[in-house]
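Undergrad: Below, each chain spelled out in residue letters.
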Amino acid sequence: MNGTPRALNRVLLFIIGIKLLAVGLLLVLLATVPAVATWWHGWAAGVWAGAEDAFRQTRFPGREESWLWIVAGVVLVAIIVAMIAWLSQQGKGRANLLVASEDDSDVDGEVRIGGGVAEQALRAALSERTDLAGASVATYEFRGQPGLRIRIQPRQGVAPHLLAAEVSQLVEALDLVIGQKTPVLVHMVSGARSRFTKAERVR
Amino acid sequence: MTQDQETENFRAAGPDHGATPVAGEDAEMSRILRRETHSSRAAAAVIAAVLVIILCVYALLEAGVRAVGQPPWLVDPTTAAQRIIALPAGISPLLLGASGAVIAMVGLFFFLQAVLPGRRARHLLRDPRTAVVVDDEVLASSLARRARTAANVTQEQVMVVVSRQTVVVNVRPTSGSRVSQEAVLAAVQAELEEMSPVPMPAVRVNLSSSGVIGA
Numbered sequence: 000m001n002g003t004p005r006a007l008n009r010v011l012l013f014i015i016g017i018k019l020l021a022v023g024l025l026l027v028l029l030a031t032v033p034a035v036a037t038w039w040h041g042w043a044a045g046v047w048a049g050a051e052d053a054f055r056q057t058r059f060p061g062r063e064e065s066w067l068w069i070v071a072g073v074v075l076v077a078i079i080v081a082m083i084a085w086l087s088q089q090g091k092g093r094a095n096l097l098v099a100s101e102d103d104s105d106v107d108g109e110v111r112i113g114g115g116v117a118e119q120a121l122r123a124a125l126s127e128r129t130d131l132a133g134a135s136v137a138t139y140e141f142r143g144q145p146g147l148r149i150r151i152q153p154r155q156g157v158a159p160h161l162l163a164a165e166v167s168q169l170v171e172a173l174d175l176v177i178g179q180k181t182p183v184l185v186h187m188v189s190g191a192r193s194r195f196t197k198a199e200r201v202r
Numbered sequence: 000m001t002q003d004q005e006t007e008n009f010r011a012a013g014p015d016h017g018a019t020p021v022a023g024e025d026a027e028m029s030r031i032l033r034r035e036t037h038s039s040r041a042a043a044a045v046i047a048a049v050l051v052i053i054l055c056v057y058a059l060l061e062a063g064v065r066a067v068g069q070p071p072w073l074v075d076p077t078t079a080a081q082r083i084i085a086l087p088a089g090i091s092p093l094l095l096g097a098s099g100a101v102i103a104m105v106g107l108f109f110f111l112q113a114v115l116p117g118r119r120a121r122h123l124l125r126d127p128r129t130a131v132v133v134d135d136e137v138l139a140s141s142l143a144r145r146a147r148t149a150a151n152v153t154q155e156q157v158m159v160v161v162s163r164q165t166v167v168v169n170v171r172p173t174s175g176s177r178v179s180q181e182a183v184l185a186a187v188q189a190e191l192e193e194m195s196p197v198p199m200p201a202v203r204v205n206l207s208s209s210g211v212i213g214a
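Protein sequences, first through last, are from chains A and B.
Mapping to numbering that gives the first Met the number 0: the first sequence position 66 is 65, numbers consecutive.
Mapping to numbering that gives the first Met the number 0: the second sequence position 181 is 180, numbers consecutive.
Hints are computed from structural coordinates only; laboratory data are not their basis.
Just so you know, these numbers come straight off a predicted model, no measurement behind them.
Using N, Cα and C, we set each Cβ at its ideal position, and we do this for glycine too.
There may be inaccurate statements among the hints.
Stated by the list, open to error - Stretch-level coverage of chain B by chain A, calculated; a stretch enters the list once three of its residues show a Cβ under 8 Å from a Cβ in chain A:
#1 58 to 67
#2 77 to 84
#3 90 to 104
#4 133 to 140
#5 191 to 203
Bound conformation, chain A alone:
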């Protein structure tokens, strides 16, 4: 439930993938089909002639170099900055506050409850259980709304629906303490292996 921009990921991967695919196929065709090579010589030479012409017309007054190199540099820097911005969007969305709201009293101010309250309470409650190999709780912000993500690793053979019902009760108790219903995601994991395979098998 993090804020990874999934649509953007797919669009950019599509663009990059299509370009690499086209370049790769062109290289393969150049190596194998002579007709493609003759077409390539004519087309690429025409493009390069146009580019050289552009460079000649854009020289600094009194110097050999063209200012198009500066423009190219600026474009490349822009692409690099965009890529770094894209990278920084992956997996973002951790939040610190679970509640931040005005209360109805006459006293000025805001009530804030940190995510650590819920995280530590749930973690302490879950760590006592013997049917869990591990548990972690984190606060995330999804579309401006805070939510809790509970990751538990049940031991082999534990019935997931019973476990879910008991975690659900813990969450309801937490709702009473905090005084607000926060969205909660319970994720039962089996370890690192399940991330790479489609079908799951267990003896």
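Please arrange chain B on chain A, whose structure you already have, making use of the hints.
TA: Positioned in the frame of chain A, the structure of chain B alone reads:
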């Protein structure tokens, strides 16, 4: 029917359906559930971004060196362009074809990552308060325990494979004792109905014809 459509149907049916809804009735929560059952493509995105950054930094270096009139670092852009125009001359066809194939494979990988749905091996469970996502392996281990007690065999004699639409239970009976296929099927089916994962898979039980000795 796809998993998304099924999830959609359960959402539409809601409390009137008699069953508890998959998450809360929250539209926000069902969005989160959809995200949880599909891959975010973050890993491929990171690889692609790093590749593009490396290429751009190198091109920036050469362009910068050229702009200030210094000698090139690896290859002058003009020379590089002329060599590219001269292809396939100047390089062995085998090397050219191989490098082209490698680039095309990388491109195909990114393309498929962008286009394929990227479903994860996970099921949803119904719960009135929380949204519950369960890895298929957790379901499988729970079903395997139930099948093992129903067939009265040891842990090593049962293997359960859970995929999105099917659960396959493979049982190797102990040599000399009979295992009832119906009993195992009924037990696994009952356990699965108690869990009621979304989407609901169908159960198949395979009894192997050769038994295990001394188990």
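Undergrad: Please list, smallest to largest, the hint numbers that this structure does not respect.
TA: No hint contradicted; all consistent.
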